[in-house]
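Mapped onto our numbering, the consecutive letters of the sequence shown carry residue numbers 252 to 408.
Hints listed in this document are in silico derivations from the structure and should not be mistaken for laboratory results.
Each hint should be verified, as a subset may be incorrect.
Cβ pair distances, simulated, as ranges [claimed, not checked]:
#1 Ala325 / Gly266: 21 to 31 Å
#2 Lys307 / Pro338: 14 to 24 Å
#3 Ala343 / Leu279: 21 to 31 Å
#4 Lys376 / Ser306: 11 to 21 Å
All C-beta atoms, glycine included, are put in the ideal place defined by N, C-alpha and C.
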Amino acid sequence: VQTTWKTLMPDMQAGKCDIGMGGISVTLERQKKAYFSNTLDTDGKIPLVRCADQSKYQTIDQINQPNVRLVEPAGGTNEAFVHAFLPKAQLALHDNVTIFQQLLDNKADVMITDASEALYQQKLKPGLCAVNPHKYMQYGEKAYLLPRDDMSWKLYV
Numbered sequence: 252v253q254t255t256w257k258t259l260m261p262d263m264q265a266g267k268c269d270i271g272m273g274g275i276s277v278t279l280e281r282q283k284k285a286y287f288s289n290t291l292d293t294d295g296k297i298p299l300v301r302c303a304d305q306s307k308y309q310t311i312d313q314i315n316q317p318n319v320r321l322v323e324p325a326g327g328t329n330e331a332f333v334h335a336f337l338p339k340a341q342l343a344l345h346d347n348v349t350i351f352q353q354l355l356d357n358k359a360d361v362m363i364t365d366a367s368e369a370l371y372q373q374k375l376k377p378g379l380c381a382v383n384p385h386k387y388m389q390y391g392e393k394a395y396l397l398p399r400d401d402m403s404w405k406l407y408v
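Given only the sequences and the hints, what does the whole structure look like? Please build it.
Written as C-alpha cells, this is what we have:
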C-alpha cells in the first residue's frame with residue numbers, strides 16, 4: 252500500500268494495511284493511535300548535506316539560522332524535529348522521492364533525517380554526506396507499525 256508520512260496513520264486506522272514497515276519512528280502520538288512491534292533498531296536525527304558544506308552544518312545553532320534552507324517530507328518526524336528545534340531556518344516541504352535531488356541541485360542546504368537514511372543516501376547519491384552519523388541530535392527507535400486493538404497480531408509480530 253503506497254502511503255506518505257502525512258497519510259501513514261490515517262491509512263493504518265482505515266484498515267488499508269496490516270503492518271507498516273520501513274524506517275517508522277516510535278512516537279507517543281503514533282502510540283496513541285496504533286501499536287508498535289518490539290524495537291528493531293535505534294537511530295537518531297542528523298543533518299544530510301552536500302559534502303562540500305559539512306563543516307557549515309554541524310550543530311543545531313549553525314542550522315537554526317534564517318539563511319539556511321531546510322527541505323523535509325511533510326508529516327513525519329523529520330518535519331516535527333525542524334518545527335521544534337530549527338524554527339528560524341527556512342523550511343520547504345517536498346516529496347520523499349526527489350527530496351535528495353533538492354540538496355544536490357543546491358535548492359536546499361540541509362535535510363534533517365535519521366542517521367540510517369542519511370548513511371544510505373550518501374551511498375546512493377555521491378555528493379551527499381551524513382553529518383556526525385553517530386552523534387544524534389535526537390534519539391529515536393524504529394519498529395513496525397501495527398493496527399490498534401489486535402493484540403494477537405502484535406504478539407505474533
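Here's how the hints hold up against the structure:
Range check, Ala325 to Gly266: Cβ separation about 23 Å, and the 21 to 31 Å hint holds. Taking the beta carbon of each, Lys307 and Pro338 are about 19 Å apart, inside 14 to 24 Å as hinted. Judged by the Cβ atoms, the range 21 to 31 Å given for Ala343 and Leu279 holds: they are separated by roughly 27 Å. Between Lys376 and Ser306 the beta carbons are some 19 Å apart, a value that agrees with the proposed interval 11 to 21 Å.
The structure shown violates none of the earlier numbered hints.
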